[in-house]
Amino acid sequence: MTGFLELDNLVKRFDSVLAVDAVSLSLERGEMLALLGPSGSGKTTTLRLLAGFESPDSGRVIVDGDDVTRVEPVARRFGMVFQHYALFPHLDVGQNVAFGLESAGVRGEELRGRVARALQLVDLAGFERRRVGQLSGGQQQRVALARALAPEPRVLLLDEPLSNLDPTLRERTRRETRDLIRRLGITTLLVTHEQDEAFDLGDRVAVLRRGRLEQVGTPDELYGAPANLFVGGFVGRSSTLDVTVLELSGRLARIAVHGAEWTVDTPPGRALPLPGDAVMLVRPESLRMLAPEPGAISAVVVARRFVGPHALFTLKTESGRTFETVGLPDAAHIGEMVGVLPGRRAEGGIHLFQGDRP
Amino acid sequence: MTGSTRAQLTAGGLLLLLVWLVVYPIVLVLLQGLHGPEGWSLRFVRLFLERPTEWQALWGSLWISLASVVLAAALGLPLAWLFARYDFPGARVLGAVVALPAVLPPLVGVLAFLFLYGETGFVSLAVQWMLGLSDAPWRLEGAGAVLLVHAYSMYVYFYLFVRAALASLDSSLLEAAASLGAGRWRSFRRIVLPQLYPAIGGAALLTFMTSLGSFSAPYIFGGGFRVMTTQIVATRLNGDNELAMVETISLTLLALAALAVLRGTHAPDAPAAGRKGTAPARVVVTNRGVRLGLAALAWSLAGLLLLPHLTLLLVSFVPAGTWTIEPTPPVYTLRNYVTLLQDPVRARPLANSLWLATAATLAAVTVALAAGIVSVRRRVWGGRVLESLLGLPWAVPGTVFAIAIAATFSVDAPWAGRFILVGTIWILPLAYLVRNLPITSRAILAGLRGLDPSLDEAAASLGAGHWRTLRRVTLPLLRPALLAGASLAFVTAFGDFVTSIMLYTYDTRPVSLEILSSLRQSDVGVAAAYGVVLMLVSSVVFAVGAERGSAG
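Chain order of the listed sequences is W and A. Just add 31 to the spot in the first sequence (first one is 1) and you have our numbering. Just add 600 to the spot in the second sequence (first one is 1) and you have our numbering.
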């Protein structure tokens, strides 16, 4: 145990559902970790276990060597930004931000000063007397952040902090939030179901699924070396194709895929499936389209989606499987027969998994 | 001790308190009805079953309640539709006036009807004079009179409930129906009506239960017409205690059966759709003729509905003994009001009712708030039971509770949880408290359910303990619900007659009983003045409840 914040083997069961299944995580002081997962994956429960709103059936939460598992939320000194902000509607902005400081006994001039400083941090200086209802969504989010930060908590918890904002506002707010937390150096755990948010805010990202940790790593690691098919599919765009592994030599695998035979270079660090049936996960940018030729998968273009400098093509093999690749917008037209080969720089974009898990 | 243990202990304590105050008295009544001087016996049950008058009373209670529901609906539903859907001159003011029967406590309403339609009432005399009759054109007595008062005072439930439901209707649903080719009638029947079922069902249930427990109207106007509430009081005054207990049981059973049946016909909770959209715009009546016709109709209706209030006010200015044979009072003074305030004997009931109602309201709010917090917010074990116990007195007619409480607290047996409170100043606040629990807790529980639970969690994460969270977050946000619950409870207790008539002492006599005795002494001016005071206090309290409530 060396981290500043340790989640040690946390288990939480609701009736018969195992919401959090033996989750262990370790955060360095000042680190930002994003918990990423689909809805129902247990990420919010994990956050609530940390905050103390739920208590785990087993396992421990340790902050700075201090076991807080049975400590009431009131005494944990964890700041939290709620999904819908939970700003007190009957208090003004200043009173909201002062709330936690008053709990800690801060009064008078010092209180005013610290409220003003917290609001300044989120670029809302002078907003003390505004009513919460008069603020825009982005401003409310920043007040919630200021309120959580004002008492200088040991740990900051963010529950889907940007999900209630307009897409246009979201990116800017995300950047500002990240810069602020970096500057303060506060250890932060955030929960999100959006990969962009997790990748942008988290130094590391932990992927949860059905209460279990699937993989913890930097965004590059998750994208370039997913631990399993679920992580590979959940993070970034990808398609899967059934393959047969014919022969292995080192990191190179010779596979039969929809009437073609390819040799693919797989990333190091994970065991390759044994020869036999397997599933191949491919990123769209790791394939290339050309005229039909021997050795290439022959497929027909069934859809084309324009996304600016390039286009996403949906292709269909003769046996009816669809998959995606990218190309220049004019690379092919709908209905055209094409051949597909691994890209020239396909490393990190093609992964083989034993076909046992969906 | 952790917070959750403390919450669980509070819940346990409240559970005991409610079992003692709500369940125990009713169980005791049941036992006493089955227990003669020589031990267990069904003698009184048999006696009850053999007497035709008992069956008459039970049947009377049932049919008058059903008829009240039908009449109140027939009045309230069209009014709700009219004011929710149409806009015409004065619609806003009239929409409020139509709800005004609610500010008349039952006995005061009865009093006003007596002054209007009684043998020497204004309307009766006017009709007599116009038709040149030698006697009053009708007698305000029997089932018809009771029904008239019920319909007048209870259509408000249908009006308010259904109007609110119509206002929360999502107009996009109607537009969707229209775009799918549904005509007016079809979209009313298939879209509007189903969304109104919960409101109509709720109003019907409330009207039925209120009529079943109604005491003032049958007591004053009943004449030979028997209902169970008045029968119980008569039997008890006769000294037939055990028989009174059996009668009490029969009325309770009738109430519970009705509750079960009417709950069954309740549509399930209204679908969540339709909460977000905007209400359909009111139809602005543009045709000049129709516009004038509607306005004239509405204004004369309002006049009719306000007649009782105005009559009360008028009579309250008439000094005793000055008005004998003239069609309208010859003299008007403020003397009755001066008497009310200056004569210590006359002022006492006002002071009594004020403190009794205040004490009962504070107690009810405290109990309901504590129970609501442990049940809704802390989700303790047994929270559901706690909530049902809070609502239980609603299913039991007021007379029944009065009898039950009188029976329970007239014996000194501390080990059995029974103390002599009858005859002390404590019995009335206690009875009002129990009667007030359902309305108060309904408002407070709904308020608590409407609060975002993450506000509590936010306060906790900011280091605020339970007390600070309660004081700084929960209570301020709950203020509208607290005020609504408290104002309803206060108004009910302040005008109470049913419970009081069974339990009052001379020193704690409330206004309602003073009205009755003034009436018996033919001191109609003073009785009316008391009525006006009750009416005004009720209006002010309601207005404050609504005003403050919506401002928060």
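Any given hint might turn out to be false.
[What the hints assert, rightly or not] Derived DEER-like restraints, expressed as beta-carbon distance ranges:
| # | chain 1 | residue 1 | chain 2 | residue 2 | range |
| --- | --- | --- | --- | --- | --- |
| 1 | A | Q942 | W | A147 | 28 to 38 Å |
| 2 | A | R979 | W | G290 | 52 to 62 Å |
| 3 | A | R984 | W | P69 | 27 to 37 Å |
| 4 | W | F337 | A | R984 | 28 to 38 Å |
[Claimed, not checked] Here are some chain A residues pointing at chain W (derived, C-beta under 8 Å):
| # | residue |
| --- | --- |
| 5 | G893 |
| 6 | D1012 |
| 7 | G1063 |
| 8 | P1080 |
| 9 | L1113 |
Quick caveat, the hints were computed from the structure, so don't treat them as lab data. This one's a predicted model, so the numbers in the text were calculated from it and none came from an experiment. C-beta: ideal position from N, C-alpha, C; glycine also.
Quick rundown of the hints versus the structure:
At about 59 Å, the beta-carbon gap between A:Q942 and W:A147 misses the expected band of 28 to 38 Å. One distance hint, 52 to 62 Å for the beta-carbon pair A:R979 and W:G290, holds here, with the actual separation near 60 Å. In this structure the hint that A:R984 and W:P69 lie 27 to 37 Å apart at CB holds, the actual value being about 33 Å. Our hint of 28 to 38 Å for W:F337 and A:R984 is violated, since their Cβ atoms are close to 57 Å apart.
With its C-beta approaching chain W no nearer than about 43 Å, A:G893 sits outside the 8 Å limit, and its interface hint is violated. With 8 Å as the threshold, the beta carbon of A:D1012 stays out of range of chain W, its nearest partner Cβ sitting at about 45 Å, so the hint is violated. For A:G1063, the interface hint holds, since its Cβ comes within 8 Å of a Cβ in chain W; the closest pair sits about 3 Å apart. Given the 8 Å rule on beta carbons, the hint for A:P1080 is violated: about 11 Å separates it from the nearest Cβ of chain W.
Evaluation of the A:L1113 hint against chain W yields a violated restraint, the C-beta minimum of about 42 Å exceeding 8 Å.
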